[in-house]
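A.B. asks: With the hints as extra help, turn the sequences into a complete structure.
Going down the list, the protein sequences come from chains A and B.
At position 183 of the first sequence the residue is numbered 188 (my numbering), and the sequence of numbers has no breaks.
At position 244 of the second sequence the residue is numbered 460 (my numbering), and the sequence of numbers has no breaks.
In short, the hints are calculated from the structure, not lab data.
A virtual CB, placed ideally from N, CA and C, is assigned to each residue, including glycine.
Some clues are possibly wrong.
[Unchecked claim] Among chain A residues calculated to face chain B with C-beta under 8 Å, some are: (1) Val57; (2) Lys69; (3) Ile71; (4) Glu73; (5) Ile76; (6) Gly79; (7) Glu83; (8) Tyr96; (9) Ala99; (10) Arg102; (11) Phe103; (12) Asp106; (13) Phe107; (14) Glu140.
[Claimed, not checked] With a Cα cut of at most 30 Å, we get these calculated DSBU-like pairs of lysine-lysine: (15) A/Lys110 / B/Lys284; (16) A/Lys111 / B/Lys284; (17) A/Lys53 / B/Lys377; (18) B/Lys386 / A/Lys53; (19) B/Lys277 / B/Lys431.
[Claimed, not checked] Label-pair distances were calculated between CB atoms; the ranges are: (20) B/Lys431 / A/Ala190: 50 to 60 Å; (21) B/Tyr351 / A/Gly59: 21 to 31 Å; (22) A/Lys110 / B/Lys459: 17 to 27 Å; (23) A/Val129 / B/Lys459: 23 to 33 Å; (24) A/Lys47 / B/Gly391: 24 to 34 Å.
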Amino acid sequence: MSKEKVVLLDCWVSPFCMRVKIALLEKGVEYENREEDLFGGKSELLLKSNPVYGKVPVLLHNAKAICESTIIVGYVDETWPSPPLLPPCAYGKAQARFWADFIDKKVFEAGTGIWRSKGEEQEVAKNEFIGSLKELEMALGEKAFFGGDSFGFVDIILIGAASWFYAYEKFGEFKIEDHCRRLSAWLKRCMKRESVAKVLPEPEKVYEFVIQLRKMHGIE
Amino acid sequence: MDNSLTPLVLKRLLVPTLLHLGFRKTLTMADEVVLLDFWPSPFGMRVRIALAEKGIKYEYKEEDLRNKSPLLLKMNPVHKQIPVLIHNGKPVNESLIAVQYIDEVWKDKSPILPSDPYQRALARFWADYIDKKIYVSGKKVWQTKGEEQEEAKKEFIGHLKMLEGELGDKAFFGGECFGFVDVALVPFYSWFYAYETCGSFSIEAECPKLMAWVKRCMQRDSVAKSLPDQHKVYDFVLQLKKKFGIE
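C.D. replies: Structure follows, in structure tokens:
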């Protein structure tokens, strides 16, 4: 039997790539990580594998390319079924997909608004960001994880984004803990998992990276 | 057990036990399916098509988006948007999520997504592309004028050409069979006349293969019955333009 070849086109600071790495680790899938230099010049493999967007992450499984992080996590879950990331029933799956979609639409947009702007605009972004976290906190309820007792799909989709939370807090001069106590507790719980601890970079490193990004965009 | 005792045993013992064990689907009269929708919404049309493909009977409830019903606000408190699929009292929001839900619950008939994980990932990728690009760029075509409109038209046609490229020489996006990506895209056909008339261009001229695909889809009952008349949609767009003071 030939060995499965799994390659991930990656960027260390991308929250979207982190999702895929965590999912692969949770499933115990061996893979080759290839770091892309998104500012120096994207590799030919990346441009060939993702001709539509030219973005990371791209998962190459036996040379077949899968793009878009949430879709990749779904693919990983279906291809390596154990342990399951999505709930078994159709309704549970629909709920998980809804919150993954919410995170993709709301959390990133508002978070980007925080580091990419100043003054009034930044305040608006901050409020939207906290508002989106509060919605997620309500969905979490008293559960340990979004899926219930086990770390699952929505947890993976959100925890990648969480690697940038420290940077948002520094730029926006606020603390998530002051607004979303239960979500903060969930964050700490996730950080205890081996896959998450291994994948998420040091918050200070991400913060320094975002400082560079801001300079590049001519902010401050 | 004699004949007179059997119905009583069934009613008092067997039915409740089986219900308790989760045989609700086989024993209840019918699934209760409600769709909160708005007639010109391409997103609503996707769900209508999926329900029709599976032959599911449902109650259609038209929403007035200027005066949203308490039911809509209760079932979709996060986005307050249609479509909302309500199955036995439980809401499923976001059109592509609802289509996948329908495909998973009523899995024995007319599959919408392929069974292979890689093909499923591809189908989801293109449905996501349609979500990100078509609605927004199409909207810009009818909402703008002059130079801005020319730019919007270029962008919109560009996205359609990308999709046409992906379709290639296949009958449908998934291959031989009508599927997820077809469901995601074909509702926008009902807006083509509005885009073309507002933007003074012909989609047939720009994307003939895509139009051939549209005709193929429109031969399906599920599609023909779920899409409103293009001229009706155009009249609706004219009203919107008036309301927003465009032209």
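A.B. asks: Does each hint fit the structure? Answer for all of them.
C.D. replies: We went through each hint and held it up to the structure:
no., hint, verdict
1, Val57, "holds, 7 Å"
2, Lys69, "holds, 5 Å"
3, Ile71, "holds, 5 Å"
4, Glu73, "holds, 6 Å"
5, Ile76, "holds, 5 Å"
6, Gly79, "holds, 7 Å"
7, Glu83, "holds, 4 Å"
8, Tyr96, "holds, 6 Å"
9, Ala99, "holds, 4 Å"
10, Arg102, "holds, 5 Å"
11, Phe103, "holds, 6 Å"
12, Asp106, "holds, 6 Å"
13, Phe107, "holds, 7 Å"
14, Glu140, "holds, 6 Å"
15, A/Lys110 / B/Lys284, "holds, 22 Å"
16, A/Lys111 / B/Lys284, "holds, 22 Å"
17, A/Lys53 / B/Lys377, "holds, 19 Å"
18, B/Lys386 / A/Lys53, "holds, 22 Å"
19, B/Lys277 / B/Lys431, "holds, 28 Å"
20, B/Lys431 / A/Ala190: 50 to 60 Å, "holds, 56 Å"
21, B/Tyr351 / A/Gly59: 21 to 31 Å, "holds, 22 Å"
22, A/Lys110 / B/Lys459: 17 to 27 Å, "holds, 26 Å"
23, A/Val129 / B/Lys459: 23 to 33 Å, "holds, 26 Å"
24, A/Lys47 / B/Gly391: 24 to 34 Å, "holds, 31 Å"
This entry satisfies every hint, going by the numbered hints stated previously.
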